[in-house]
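Asker: As given, the protein sequences belong to chains A and B, one line each in that order.
Going by this note's numbering, the first sequence opens with residue 1, and the numbers climb by one from there.
Going by this note's numbering, the second sequence opens with residue 1, and the numbers climb by one from there.
FYI, nobody ran anything at the bench for these hints, they're computed from the structure.
No residue lacks a Cβ here, since even glycine has one placed at the ideal position from N, Cα and C.
Among these hints, one or two may not hold up.
As the list claims (entries may be wrong) - In silico negatives: residues of chain B with every beta carbon more than 10 angstroms from chain A: (1) A21; (2) T46; (3) D97; (4) R103; (5) L157; (6) E164; (7) A313; (8) I323; (9) W359; (10) I393.
What the hints assert, rightly or not - What follows is a set of in silico ranges between Cβ atoms, one per label pair, in the way DEER data are often shown: (11) A:G104 - B:G280: 35 to 43 angstroms; (12) B:W231 - A:T16: 53 to 61 angstroms; (13) B:R227 - A:V57: 29 to 37 angstroms.
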Amino acid sequence: MALPQTITSELDALVTHYPDRRAALIPALHRCQEQLGGWLSPQTLEDLAAYFGLEPVEVFGVAFFYPMFRLRPRGRHLVSVCHNVSCSLRGAEQLLEHVCKVTGAPVGGTSPDGRFSVVRVECQGACANAPMLDLDGTFHEDLDPERAERILRSAP
Amino acid sequence: MKRVDRYLLARVDLPDSHTLAVYRAHGGYQALEQVLRKPWKPEQVTQVVKDSALRGRGGAGFLTGLKWSFMPDPAKDPRPRYLAINADESEPGTCKDRVLMERDPHGLIEGCLVSAYAMRASTVYIYVRGEYRVSYARLQAAIDEAREAGLVGRRILGSDFSCEIWMHPGAGAYICGEETGLMESLEGKRGHPRPKPPFPAASGLWRSPTTVNNVETIFNVPFLVLRGADWFKALGTKGSTGNFLCGISGHVERPGVYELPFGVTAREILEQCAGGVWKGRRLKAFFPGGSSTGLLPASSVDVVMDHDSVKAAGSMFGTAAMIVLDETASIAQLMEVTLRFYDHESCGQCSQCREGTEWLHQIFRRIVRGQGRMQDLDLLVSLANGMAPAKTICALADAAAIPTLSAVKHFRAELEQCVRLGRDPLATATAQSPEHHEAHA
Ligand SMILES: Cc1cc2nc3c(=O)[nH]c(=O)nc-3n(C[C@H](O)[C@H](O)[C@H](O)COP(=O)(O)O)c2cc1C
Ligand code: FES
Numbered sequence: 001m002a003l004p005q006t007i008t009s010e011l012d013a014l015v016t017h018y019p020d021r022r023a024a025l026i027p028a029l030h031r032c033q034e035q036l037g038g039w040l041s042p043q044t045l046e047d048l049a050a051y052f053g054l055e056p057v058e059v060f061g062v063a064f065f066y067p068m069f070r071l072r073p074r075g076r077h078l079v080s081v082c083h084n085v086s087c088s089l090r091g092a093e094q095l096l097e098h099v100c101k102v103t104g105a106p107v108g109g110t111s112p113d114g115r116f117s118v119v120r121v122e123c124q125g126a127c128a129n130a131p132m133l134d135l136d137g138t139f140h141e142d143l144d145p146e147r148a149e150r151i152l153r154s155a156p
Numbered sequence: 001m002k003r004v005d006r007y008l009l010a011r012v013d014l015p016d017s018h019t020l021a022v023y024r025a026h027g028g029y030q031a032l033e034q035v036l037r038k039p040w041k042p043e044q045v046t047q048v049v050k051d052s053a054l055r056g057r058g059g060a061g062f063l064t065g066l067k068w069s070f071m072p073d074p075a076k077d078p079r080p081r082y083l084a085i086n087a088d089e090s091e092p093g094t095c096k097d098r099v100l101m102e103r104d105p106h107g108l109i110e111g112c113l114v115s116a117y118a119m120r121a122s123t124v125y126i127y128v129r130g131e132y133r134v135s136y137a138r139l140q141a142a143i144d145e146a147r148e149a150g151l152v153g154r155r156i157l158g159s160d161f162s163c164e165i166w167m168h169p170g171a172g173a174y175i176c177g178e179e180t181g182l183m184e185s186l187e188g189k190r191g192h193p194r195p196k197p198p199f200p201a202a203s204g205l206w207r208s209p210t211t212v213n214n215v216e217t218i219f220n221v222p223f224l225v226l227r228g229a230d231w232f233k234a235l236g237t238k239g240s241t242g243n244f245l246c247g248i249s250g251h252v253e254r255p256g257v258y259e260l261p262f263g264v265t266a267r268e269i270l271e272q273c274a275g276g277v278w279k280g281r282r283l284k285a286f287f288p289g290g291s292s293t294g295l296l297p298a299s300s301v302d303v304v305m306d307h308d309s310v311k312a313a314g315s316m317f318g319t320a321a322m323i324v325l326d327e328t329a330s331i332a333q334l335m336e337v338t339l340r341f342y343d344h345e346s347c348g349q350c351s352q353c354r355e356g357t358e359w360l361h362q363i364f365r366r367i368v369r370g371q372g373r374m375q376d377l378d379l380l381v382s383l384a385n386g387m388a389p390a391k392t393i394c395a396l397a398d399a400a401a402i403p404t405l406s407a408v409k410h411f412r413a414e415l416e417q418c419v420r421l422g423r424d425p426l427a428t429a430t431a432q433s434p435e436h437h438e439a440h441a
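Using the sequences plus the hints, can you model the full thing?
Answerer: Okay, here's the thing in structure tokens:
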């Protein structure tokens, strides 16, 4: 298999930003994750290795190092709840518990209906608006459990 | 506290503050025009930065002009030269660069251009943490607008100066905020910090001369060009000049990002900006500059916020991210959360850091759960002393050791009490707290 042409044409432009093509690997992993179902399958990583002329193990090693890259399928929506200091001082654990209740997903897992995956994440730089969660790449800040519930219930 | 003469945040509340039109209408790109049209020599720009005594806002407080002067003479060194902007902002408590990037992106772009001119760099990379999608989009849009207007790219404003600016996303690893980890990551590898020397100015990105600066540091540069070093020095204290952005979070009434001159006290920030400790409670402790700076007890709240004074008080100015704890907070639990983070983020190259962060985390964890032992207090101290200072490739080990030592120093009695009682009376419930951090895959 090969990467879809929509992605490779983007990558062809990206690699020109650097003296060495490989530097585009992390942006490329992001593009693939965004456009190929929210995770990086072994096939995608192999395709990327072929694109960059790297050993697959190199690409796996990089993808595995970075917490934003997901190497297993996940629910339709990804909910990331910050559990670092500023958020935990303002109720992140209660928020997380409520998020799990509302979505039916355990921490680090996916709800039985496949709609939601819930994960803990480190400080997201929203500390002055704690606690917070990120839903599919959008920050929601100054939360309490009720507000979070409304946000999650309005997700398609 | 006297009225603050704001410049860093002067534009952020304007409608459409992120657009070129609004930036231009409020003096934007005048510093770049001045430098290129007059023209200034690159060394003149560096000289103003040196004279201003601007210190880096990324945490270490290194003198910016001095750092720039380490770049080799281009007449003798033909390698390409790079400026990398550190927009990884992941020190817990820190949320200041985001305000500038989201709401005044052209201010950073102009800072990049003037700084690149000073260092004769023709390529700038802005390494933004992957989670900051709005910052990334706003900066990319600003670069596109600026390129369209002849402000980025070839022969800027008709001068001989050409400079490209590229955005580059991170992917959630704190260690990539460390400048050599950042460079590895930018090259498409795992963010494993490099031993120093060689320093980035001698051998950085792709083994070429590189300077890494924080977003807020570079944001100051156009103001230095337009208003001069004397104006800047008049704002702060002797050792720390200018204004800084303080993000204050935790148990306060009005958390937020505030612009302040060096020399205000932590109490002034807490009481006058943030409305005091929340719920009418008393102050227990605070981190002055992010979770890797030493925790200070309430009795230190009159400390003057500048690099030398916070250091004299036994901590560090860091990123000026004040995290405030009220009297109900558990120190053991605070430290469990803090060390869980460093344990998770250690890249694992150095054994002191890889093993040490995990040990510290597990010890605080068991103290919170009532399974601590009296010897654990001394064990924390001896482990931390085995990790820092400067015993590892980068300072992540220090970032874990420093708060540990300060917590034991100032709150030993409370930690011992948890051990004696067999429980932490102040701890609050955690949701399915993981034994070890979960594999993110
Ligand atoms: C573990 C670790 C994480 C760091 N994270 C950041 C960061 O997120 N942003 C930043 O600007 N500097 C960070 N730094 C500091 C950088 O190494 C570097 O000193 C800084 O970017 C230099 O910029 P400045 O001189 O303008 O402050 C970090 C350092 C360490 C040891
Ligand atoms: S601690 Fe949660 S966003 Fe910073």
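Asker: Are the hints correct? Go through all of them and say.
Answerer: So, going through the hints one by one against the coordinates:
1. A21: Nearest chain A Cβ is 26 angstroms from A21 of chain B, so the label holds.
2. T46: 25 angstroms, holds
3. D97: The claim is violated: D97 of chain B sits with its nearest Cβ about 8 angstroms from chain A, within 10 angstroms.
4. R103: 14 angstroms, holds
5. L157: L157 of chain B is indeed farther than 10 angstroms from all Cβ atoms of chain A, at 23 angstroms.
6. E164: Incorrect as stated: the minimum Cβ-Cβ distance to chain A is 8 angstroms, not above 10 angstroms.
7. A313: Answer for A313 of chain B: holds, closest chain A Cβ roughly 20 angstroms.
8. I323: 6 angstroms, violated
9. W359: 19 angstroms, holds
10. I393: I393 of chain B is indeed farther than 10 angstroms from all Cβ atoms of chain A, at 16 angstroms.
11. A:G104 - B:G280: 35 to 43 angstroms: 38 angstroms, holds
12. B:W231 - A:T16: 53 to 61 angstroms: 41 angstroms, violated
13. B:R227 - A:V57: 29 to 37 angstroms: Violated, at about 53 angstroms.
In summary, the numbered hints that this structure violates are 3, 6, 8, 12 and 13.
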